[in-house]
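Protein chains: 4
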Amino acid sequence: MDNLQNKLRLFAEERDWDNYHTPKNLVMALSGEIGELTEIFQWLNEDESKIENLSIKNIERVKEEIADVFLYLIRLSDKLNIDLIEVANNKIEINKIKYPVDLSKNNAIKYNRRNE
Amino acid sequence: MDNLQNKLRLFAEERDWDNYHTPKNLVMALSGEIGELTEIFQWLNEDESKIENLSIKNIERVKEEIADVFLYLIRLSDKLNIDLIEVANNKIEINKIKYPVDLSKNNAIKYNRRNE
Amino acid sequence: MDNLQNKLRLFAEERDWDNYHTPKNLVMALSGEIGELTEIFQWLNEDESKIENLSIKNIERVKEEIADVFLYLIRLSDKLNIDLIEVANNKIEINKIKYPVDLSKNNAIKYNRRNE
Amino acid sequence: MDNLQNKLRLFAEERDWDNYHTPKNLVMALSGEIGELTEIFQWLNEDESKIENLSIKNIERVKEEIADVFLYLIRLSDKLNIDLIEVANNKIEINKIKYPVDLSKNNAIKYNRRNE
Chain A
2 MDNLQNKLRL
12 FAEERDWDNY
22 HTPKNLVMAL
32 SGEIGELTEI
42 FQWLNEDESK
52 IENLSIKNIE
62 RVKEEIADVF
72 LYLIRLSDKL
82 NIDLIEVANN
92 KIEINKIKYP
102 VDLSKNNAIK
112 YNRRNE
Chain B
2 MDNLQNKLRL
12 FAEERDWDNY
22 HTPKNLVMAL
32 SGEIGELTEI
42 FQWLNEDESK
52 IENLSIKNIE
62 RVKEEIADVF
72 LYLIRLSDKL
82 NIDLIEVANN
92 KIEINKIKYP
102 VDLSKNNAIK
112 YNRRNE
Chain C
2 MDNLQNKLRL
12 FAEERDWDNY
22 HTPKNLVMAL
32 SGEIGELTEI
42 FQWLNEDESK
52 IENLSIKNIE
62 RVKEEIADVF
72 LYLIRLSDKL
82 NIDLIEVANN
92 KIEINKIKYP
102 VDLSKNNAIK
112 YNRRNE
Chain D
2 MDNLQNKLRL
12 FAEERDWDNY
22 HTPKNLVMAL
32 SGEIGELTEI
42 FQWLNEDESK
52 IENLSIKNIE
62 RVKEEIADVF
72 LYLIRLSDKL
82 NIDLIEVANN
92 KIEINKIKYP
102 VDLSKNNAIK
112 YNRRNE
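Protein chains in written order, with my numbering: chain A, 2 to 117; chain B, 2 to 117; chain C, 2 to 117; chain D, 2 to 117.
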């Protein structure tokens, strides 16, 4: 991951693109890439969206869009001095408390609690 | 990263949430989290969005949203047998060819080539 | 619609919010609202997402989010001098040519043509 | 607007696309179109995003993407029996109470209240 972060820094520096990479712009870029990922899945039903049912062509497209999302996420985190692995581990601990096993078990309503 | 992937698997299994985690649904969940990240930055200008100008409160919120995005991205990739590090490295190589240094240097138009 | 546009102009003027309503920011605000709409539907399957199966609570939430999306869309169009009804009618004509009835009939592949 | 709604119904019926147009899928389609709109604005600064500074080419692209967003919004509302004009008017009344003029005046913090 550090390796990817450094590659992306160098990539931006070599092209003088650092000025464009403000957090606001990177959030938009991330959002745009999620839009492209969404377009691949929008007319598929849940079953068709599974790995065993996706066409080879769509798997290739998904790989590329997921890579774009990940690269912008790394870049954004770098610009904000955020350690992705650390905040992810912290969030899992928060979620363990927020969704206790016994109350959450196969419970779509609990699952959607924050939505209710 | 493998560690995070395993934690998320266990987390979903313990709660019987695997059924909800189809790629289609996970893409939507990812998209929803990006929406929350976007809301933090929408009324800030580019300068205000930089790390040195964000409020401590907003930095905390950004960390949490970025963690959510990352966790869903790992979960989605796991469900699709995609190796995040590998596809990201591949994409950087593609981008090197797509945006050659000499043509891309500080060039917003080139930068936006796919948009033009 | 003109009425809504005027109400929104007045609303922003009275609060001195016009400075925040640049097209870039309004696109982000629109995107954030779509994120909230997405969160309501992310764990529902297609059948559960239909009007006859949504809870009253969720219908109320959907109404509010759809209203937010529509209001930002009107505001954005106003700022860009775009006539929503006109561009929508134009786009339908373009789509009629892009997706001819005989080739598109019940054809998910054709439907996804731009994705393939 | 009723006219647009009817045109879209006919458009989908003629192509047997009604099955694809579940609310869940239409929310994803809406989200995908917002992604395309976002991509146009992501590297522009706020000033460059204004109507007087956009290129003719970008204005044309924006018109098309805004039309796509609007068409999917009408289609989604139709499927959910939601009257866009009505819910928009209701939301403006809610917002008037939520953001009183005297407290909100040129106040970015108030503006961002729900984010704070």
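Honestly, the hints are just simulated from the structure, not real lab data. Possibly wrong hints are sitting among the right ones.
All copies of an identical chain are treated as equivalent in the list; a pair is satisfied when it fits inside any one copy or across any two copies.
[Unchecked claim] Straight line, CA to CA, 27 Å or less: simulated BS3-like cross-link-like pairs of lysine-lysine: (1) Lys64 with Lys51; (2) Lys99 with Lys64; (3) Lys92 with Lys106; (4) Lys58 with Lys92; (5) Lys80 with Lys51; (6) Lys106 with Lys51; (7) Lys99 with Lys80.
Comparing the hints with the structure gives:
| no. | hint | verdict |
| --- | --- | --- |
| 1 | Lys64 with Lys51 | within (14 Å within a copy, 30 Å between copies) |
| 2 | Lys99 with Lys64 | between (31 Å within a copy, 17 Å between copies) |
| 3 | Lys92 with Lys106 | within (19 Å within a copy, 36 Å between copies) |
| 4 | Lys58 with Lys92 | between (34 Å within a copy, 16 Å between copies) |
| 5 | Lys80 with Lys51 | between (34 Å within a copy, 8 Å between copies) |
| 6 | Lys106 with Lys51 | both (23 Å within a copy, 25 Å between copies) |
| 7 | Lys99 with Lys80 | between (29 Å within a copy, 23 Å between copies) |
The structure agrees with every numbered hint stated previously.
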